[in-house]
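Asks: These are the residues of each chain, in order.
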Amino acid sequence: DVKVTQSSRYLVKRTGEKVFLECVQDMDHENMFWYRQDPGLGLRLIYFSYDVKMKEKGDIPEGYSVSREKKERFSLILESASTNQTSMYLCASSWEGDYGYTFGSGTRLTVV
Amino acid sequence: KQEVTQIPAALSVPEGENLVLNCSFTDSAIYNLQWFRQDPGKGLTSLLLIQSSQREQTSGRLNASLDKSSGRSTLYIAASQPGDSATYLCAASISNFGNEKLTFGTGTRLTIIP
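Chains as they are written, first to last, in my numbering: chain L, 1 to 112; chain F, 113 to 226.
Just to be clear, a hint being listed does not mean it is correct.
Unchecked claim - Among the chain F residues that face chain L by a calculated CB cut under 8 Å, a handful are:
hint: 1; residue: G153
hint: 2; residue: K154
hint: 3; residue: G155
hint: 4; residue: T218
Simulated from the structure, these hints should not be mistaken for laboratory data. C-beta atoms are modelled at their ideal positions from N, C-alpha and C, and glycine is treated no differently.
Starting from the given sequences, assemble the full structure and let the hints guide the process.
Replies: Right, dumping it as structure tokens:
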């Protein structure tokens, strides 16, 4: 089975800190995605990547950046964390085909 | 822009009953539709994936159907169990280049009453 691993389940950071959320997948998937999930708003796409070094903005990229230096790893960066970035962050990967998405277990980030 | 709706937002049914969860989408040019389950505080677990050329998929007690012309998908759960309690999300993909982007519904929170 494909495995998508997010390095932290829970994080607490201070306002203004630079925050790195890491995601690693083990099945050579081309596509990787970062979502945030908030009550009443559902899942919203932040950034996605189709290949190493490539990145595309999703629906809510403001305040975030990403890095994909290796195919298996996709990092989400909060340049200067703010309290409105307190959320559940979910990473996903998919193969360029018909096999659907596989999600990680999520990182619950609290910015204080 | 694709919009995905799931109604109702919450549903409670007695254990053992069969039930149907609904998902509707506005753009019928979908590539595939996927159903997920999410337990509180956890990530999403994929349940079923239906390609645009398919009408349904089955896995155990779960059956998902897709009707592109009406913009609807349903997830049927047979003989419900307390362990089925979770939030169920559907998501539609609208790209032909693999699963480029999914648009999610906001989910139906299902409670199975023992």
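Asks: Hint by hint, note whether the structure agrees.
Replies: Structure-based check of all given hints:
| no. | hint | verdict |
| --- | --- | --- |
| 1 | G153 | holds (7 Å) |
| 2 | K154 | holds (6 Å) |
| 3 | G155 | holds (4 Å) |
| 4 | T218 | holds (4 Å) |
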